[in-house]
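J.: The task is simple: from the sequences and hints, build the whole structure.
Chains A and B supply the protein sequences, listed in that same order. Everything in the first sequence is counted per the numbering used here, starting at 1 for the first residue and increasing by one. Everything in the second sequence is counted per the numbering used here, starting at 1001 for the first residue and increasing by one.
Quick caveat, the hints were computed from the structure, so don't treat them as lab data. Each hint should be verified, as a subset may be incorrect.
Said to hold, decoys possible - Straight-line distance between alpha carbons at most 25 Å, and here's what the computed SDA-like set of lysine to any residue pairs gives:
#1 B:Lys1055 to B:Glu1041
#2 B:Lys1156 to B:Arg1131
#3 B:Lys1055 to B:Ala1174
#4 B:Lys1156 to B:Val1130
#5 B:Lys1055 to A:Asp113
#6 B:Lys1156 to B:Ser1132
#7 B:Lys1055 to A:Ala4
#8 B:Lys1156 to B:His1224
#9 B:Lys1055 to A:Glu31
#10 B:Lys1156 to B:Gly1142
#11 B:Lys1055 to A:His48
#12 B:Lys1055 to A:Arg109
#13 B:Lys1055 to A:Gly106
#14 B:Lys1055 to A:Asp40
#15 B:Lys1055 to A:Arg47
#16 B:Lys1055 to A:Pro120
#17 B:Lys1055 to A:Gln160
#18 B:Lys1055 to B:Arg1045
#19 B:Lys1150 to B:Gly1252
#20 B:Lys1055 to A:Leu73
#21 B:Lys1055 to A:Glu110
#22 B:Lys1150 to B:Asp1120
#23 B:Lys1156 to B:Ser1255
#24 B:Lys1055 to A:Ala59
#25 B:Lys1055 to B:Gln1134
As the list claims (entries may be wrong) - Here are a few chain A residues that sit away from chain B, every Cβ distance over 12 Å (derived from the structure):
#26 Ala6
#27 His32
#28 Gly51
#29 Tyr70
#30 Ser71
#31 Trp72
#32 Leu73
#33 Arg75
#34 His76
#35 Arg77
#36 Arg109
#37 Pro120
#38 Ile121
#39 Glu122
#40 Ala144
Beta carbons: idealized from backbone N, C-alpha and C, even for Gly.
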Amino acid sequence: MDAATAARFEETALPHLDAAYTLARHLLRNEHDAEDVVQDAFLRAIRHFGGFRGGDMRAWLLTIVRNTCYSWLRRHRTDTQATEYDEMAHDAPRTPDDPESEMLRGALREALDQAIANLPIEFREVVILRDVQGLSYSEIAEVAGIPVGTVMSRLSRARQRLQRVLPIEDYRRN
Amino acid sequence: MSCETLSDKLTGYLDGELDQRSVGEVETHLRQCVACATRLERERRLRSAVQAQVKPLRAPDGLRERVRGALRAEVRAEVKERPRRSAWIPAWAATAAALVLGLGGGWQLATWRVSRSEPDLAPEIVASHVRSLQSDHLTDIGSSEHHTVKPWFAGKLDFSPPVPDFSAQGFPLAGGRLDYLGERQVAALVYRRRQHVINLFVWPSGESSAAPSTTSRRGFQMVHGAAGGMAYWAISDLNAAELTQFAQLTAGELSAKPPQP
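T.: Shown next, in the form of structure tokens:
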């Protein structure tokens, strides 16, 4: 890679490192793995930068990051199956009669983080890409390699699952 | 339309991702179905909670450095393999460029070569945009009402900036502030699209009109042009297509309402 191309990569791709890390962190549910995988994904991006023909750089990078995450998960399959989504476990008794204690600062965030972490990965990624990273449906379709209609139905189901885990009454006042 | 067939579309409707016809179908159904209207409201609250509580993360500095290191290694590898890669770029220039990168001094030298064709204002626009996001100083006047924002500029600028209302098109106004670009005072109008912030800089221009032109820099999209005697620059981390749509709306609004002297 020549210096000018490297400069262009630094200028156009590196600003999306946070977005890449955010996605990987949620897909892998572990910060160290996320760091390794994002580094690996950026190495691939550097090597393939010549093939990038303009367009949406963030979507292009997130596609590489997502694919690298999925390969990593396939290689470490045993870890992921053990922690698959278990709705019953997360429908544990709550304390609706004592909303103040539930409402303590940070409690909602923690509950949401937990609920998102427990979503199946194909639901988790659409929630993260849409509601945390603000991608449009067509960008998500590009990153996840699925039709726009599938983005919408997965997002719909993902949000319904989150609502079940977090009854609306618990956070209405936030 | 039944509730079952509506289910997914409710999500698309909430996110503003449906075509006009589907929007009509959903709205007709919502007027008749309390259950779906309630579901929509619950989903809206859930979405707000996720957006408010689950924030994008910042990549660790170590990771950032390692990626930069990998990039420098790629450049060094190339310089080593092909010291005379091109007759018209002397080897010392390539080496110097690699050294500059190697010292972490950034991309100024190389960047200059890549982007000299970009308009000179681009770096200032990016700097101003980034500053507005970092310094907790996005707006001097925070309001979604253009009737509030527009009078605020009176007496603070030597021109009266138009403050278009694009809320119907999904770009709600967040406010305005004064800013400086190219040593002149400009109006900075702040709009939002989902979680994205759009800075729209406006000032009287020598050119009465210029077609929108798109650039990207440091991961930000920019569209600039002139209309109705005003120059405008829009910048955001939004995708190029939606920012272009925003710029076209802006150009349309500017040419519709020529500025008062």
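J.: Which of the listed hints are broken here?
T.: 7, 11, 15, 22, 26, 27, 36
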